[in-house]
Amino acid sequence: MLDRVTRQRLRAAQRNELTEHFIYRELARSTQDSANKKLLQDIAEDEKRHYDFWKQHSKEEVRPDRLKIWRYCFIARTLGLTFGIKLMERGEKQAETAYALLAEGVPGAQDIAREEEEHEHALINLIDEERLHYIGSIVLGLNDALVELSGALSGLTLALQNSRLIAVVGLITGIAAAMSMAGSEYLSRRTEESDQKPVKSAVYTGLAYIVTVMLLIFPYFVFDNVFHSLALMIGIAISVIFAFTFYMSVAREISFRHRFLEMAAISLGIAALSFFIGFLIREFLGVEA
Amino acid sequence: MSTGEKTLDKDILNKVLTMQRGEITEHFIYRKLARSTRDRHNSEVLQRIARDEMGHYATWKKYTGAAVQPSRFKVWLYYLISKVFGLTFGIKLMEYGEEKAQKAYGEIAKSLPAAERIAGDEDRHERELIAMIDEERLHYTADVVRGLNVALVELTGTLAGLTMALGDSQIIILTGVIAGAAMILSVASTEYLGTRASGGTHSPLKALMYGALANAVTVVLLLFPYFILGNVYHALIFTGFNAVVVLFLFSFYISVARELSFRRRFLEMVAASLGVAGLAFVIGYLARIFLHISH
Numbered sequence: 001m002l003d004r005v006t007r008q009r010l011r012a013a014q015r016n017e018l019t020e021h022f023i024y025r026e027l028a029r030s031t032q033d034s035a036n037k038k039l040l041q042d043i044a045e046d047e048k049r050h051y052d053f054w055k056q057h058s059k060e061e062v063r064p065d066r067l068k069i070w071r072y073c074f075i076a077r078t079l080g081l082t083f084g085i086k087l088m089e090r091g092e093k094q095a096e097t098a099y100a101l102l103a104e105g106v107p108g109a110q111d112i113a114r115e116e117e118e119h120e121h122a123l124i125n126l127i128d129e130e131r132l133h134y135i136g137s138i139v140l141g142l143n144d145a146l147v148e149l150s151g152a153l154s155g156l157t158l159a160l161q162n163s164r165l166i167a168v169v170g171l172i173t174g175i176a177a178a179m180s181m182a183g184s185e186y187l188s189r190r191t192e193e194s195d196q197k198p199v200k201s202a203v204y205t206g207l208a209y210i211v212t213v214m215l216l217i218f219p220y221f222v223f224d225n226v227f228h229s230l231a232l233m234i235g236i237a238i239s240v241i242f243a244f245t246f247y248m249s250v251a252r253e254i255s256f257r258h259r260f261l262e263m264a265a266i267s268l269g270i271a272a273l274s275f276f277i278g279f280l281i282r283e284f285l286g287v288e289a
Numbered sequence: 001m002s003t004g005e006k007t008l009d010k011d012i013l014n015k016v017l018t019m020q021r022g023e024i025t026e027h028f029i030y031r032k033l034a035r036s037t038r039d040r041h042n043s044e045v046l047q048r049i050a051r052d053e054m055g056h057y058a059t060w061k062k063y064t065g066a067a068v069q070p071s072r073f074k075v076w077l078y079y080l081i082s083k084v085f086g087l088t089f090g091i092k093l094m095e096y097g098e099e100k101a102q103k104a105y106g107e108i109a110k111s112l113p114a115a116e117r118i119a120g121d122e123d124r125h126e127r128e129l130i131a132m133i134d135e136e137r138l139h140y141t142a143d144v145v146r147g148l149n150v151a152l153v154e155l156t157g158t159l160a161g162l163t164m165a166l167g168d169s170q171i172i173i174l175t176g177v178i179a180g181a182a183m184i185l186s187v188a189s190t191e192y193l194g195t196r197a198s199g200g201t202h203s204p205l206k207a208l209m210y211g212a213l214a215n216a217v218t219v220v221l222l223l224f225p226y227f228i229l230g231n232v233y234h235a236l237i238f239t240g241f242n243a244v245v246v247l248f249l250f251s252f253y254i255s256v257a258r259e260l261s262f263r264r265r266f267l268e269m270v271a272a273s274l275g276v277a278g279l280a281f282v283i284g285y286l287a288r289i290f291l292h293i294s295h
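Sequences listed follow chains A and B, in order. Residue numbers for the first sequence follow our numbering, so the first one is 1 and each next one is one higher. Residue numbers for the second sequence follow our numbering, so the first one is 1 and each next one is one higher.
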């Protein structure tokens with residue numbers, strides 16, 4: 001007879017497997033790509049088997065977590081299959097430790113945990129998602145827009161001290177820069193002869209750039225006080241760096257901290273330098289806007 | 001063809017003498033370059049080419065029976081070009097000029113088929129040797145290209161847009177300098193991070209230096225018309241002209257040093273720069289109409 005704590009852990013594990021089974025099944029249903037569909041179905045089957053295994057021991061039925069199913073299906077559909085699934089699997093790390101504990105009371109539990117970790121992981125990595133092929137192009141656009149525009153806007157803030165004027169200058173600079181980056185991404189992909197289509201890469205880069213530009217300049221359209229705009233702009237820049245570094249770190253399984261700090265340091269460093277240059281120019285060129 | 005040496009008519013003889021002079025001139029150029037090149041590998045390659053050229057000279061001399069002096073002017077010209085713009089560029093520019101002379105081979109060949117065969121063999125050999133020259137700055141061509149391209153497309157675009165939107169020389173200078181400075185810093189960081197991430201043999205710091213330097217020089221060239229001309233539209237035209245000149249010179253350099261076709265690259269880049277500038281100009285016009293900026 002199992003004790004109460006083990007029984008509770010068992011039920012939690014069982015529920016977790018069933019929930020994931022439904023998530024994978026749902027994702028498989030809505031995925032068009034036939035290779036990815038097959039993979040998702042396979043993972044769903046695995047989860048079902050795990051569920052059955054726990055059920056043999058607990059000898060009871062559990063219900064899946066409807067909210068979790070809905071949440072991860074939503075995330076996977078909007079932000080990408082790989083990101084959604086890996087975010088979910090990250091949460092599962094805790095479940096794995098529970099499995100280890102379970103191993104004491106339930107024979108074979110450790111095998112399930114290992115299978116969960118190795119087999120499933122291998123399958124997940126087989127999922128082939130277009131947007132991840134172009135993540136390099138997106139990062140290129142984002143990074144460049146963040147560094148350059150936050151720099152230019154900081155410099156302009158001090159030099160011009162006119163919200164509307166700064167917004168317009170930022171918009172023009174941003175659009176020219178976005179087109180320039182998209183063009184250079186096109187050219188470099190074309191000469192590279194990689195799997196990535198040059199036009200698609202250019203579109204991803206250009207779009208990422210423009211979206212970032214819009215996010216960065218909008219404070220200047222909203223506030224009259226340029227320094228409030230500057231503060232909000234810096235806040236937005238850091239949020240964008242945070243969000244996309246998090247996305248990358250989950251989807252690509254790379255460390256978050258180092259990349260985040262590096263990008264934040266570069267963007268803010270260049271913004272500070274430009275701010276200073278703006279100050280110097282105002283002083284020495286004697287421009288009064 | 002054993003009696004070939006004696007049957008040269010005057011016209012052919014003159015052509016062969018020209019060839020002979022070309023070979024001795026190149027011999028001196030390569031020797032001079034070999035002596036002034038610090039890199040041991042490159043210096044050795046240059047010495048070998050110099051010896052080959054001497055061999056060509058001797059071959060022609062057998063037919064003409066005359067000693068010829070090198071062109072001192074050419075020796076200095078190509079020596080200086082190679083020193084200033086790089087070994088590969090200087091040598092290939094010289095060889096490029098030699099190719100035109102090669103058309104004369106056709107006629108000489110009628111009288112001296114054996115000589116032509118020798119010349120052909122040696123020419124191929126020489127090419128192989130030239131390809132062995134390893135020049136640092138050519139490793140960073142891609143970085144220089146990126147630095148230039150970004151400045152050309154982006155800053156020309158920005159300036160065109162600002163000219164239309166603001167119409168005030170002082171404010172355009174102010175914003176142009178800031179946008180340019182932010183761009184140089186951004187290019188520098190991108191070069192550094194990109195080169196480091198690609199994990200090749202290239203030094204990230206050198207990539208940064210080459211990329212940012214090319215970018216900065218272009219920024220200065222594009223901005224200075226606004227400093228010297230009061231009329232912003234005149235300044236914009238001058239900037240556009242500078243952009244085309246930079247593109248022309250750089251495309252030429254790349255096409256010679258890398259033996260790539262010139263026309264297509266040049267036209268493509270001109271179209272990109274001027275296209276973005278045109279679009280930005282329209283956006284600047286729209287901004288002026290709809291956003292009512294006052295300064």
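Derived by calculation from the structure, the hints in this document are not laboratory data. For glycine and all other residues, C-beta sits at the position ideal for the given N, C-alpha and C. Any given hint could be a false lead.
Chain A residues, not near chain B, derived (Cβ > 12 Å throughout) [claimed, not checked]:
id, residue
1, 32
2, 59
3, 144
4, 148
5, 236
6, 282
Among chain B residues calculated to face chain A with C-beta under 8 Å, some are [unchecked claim]:
id, residue
7, 54
8, 58
9, 61
10, 64
11, 67
12, 182
13, 274
14, 279
15, 284
16, 286
Structure-based check of each hint:
{"no.": "1", "hint": "32", "in the structure": "holds (32 Å)"}
{"no.": "2", "hint": "59", "in the structure": "holds (54 Å)"}
{"no.": "3", "hint": "144", "in the structure": "violated (6 Å)"}
{"no.": "4", "hint": "148", "in the structure": "violated (4 Å)"}
{"no.": "5", "hint": "236", "in the structure": "holds (17 Å)"}
{"no.": "6", "hint": "282", "in the structure": "violated (8 Å)"}
{"no.": "7", "hint": "54", "in the structure": "violated (40 Å)"}
{"no.": "8", "hint": "58", "in the structure": "violated (43 Å)"}
{"no.": "9", "hint": "61", "in the structure": "violated (46 Å)"}
{"no.": "10", "hint": "64", "in the structure": "violated (47 Å)"}
{"no.": "11", "hint": "67", "in the structure": "violated (49 Å)"}
{"no.": "12", "hint": "182", "in the structure": "holds (3 Å)"}
{"no.": "13", "hint": "274", "in the structure": "violated (12 Å)"}
{"no.": "14", "hint": "279", "in the structure": "holds (7 Å)"}
{"no.": "15", "hint": "284", "in the structure": "holds (6 Å)"}
{"no.": "16", "hint": "286", "in the structure": "violated (10 Å)"}
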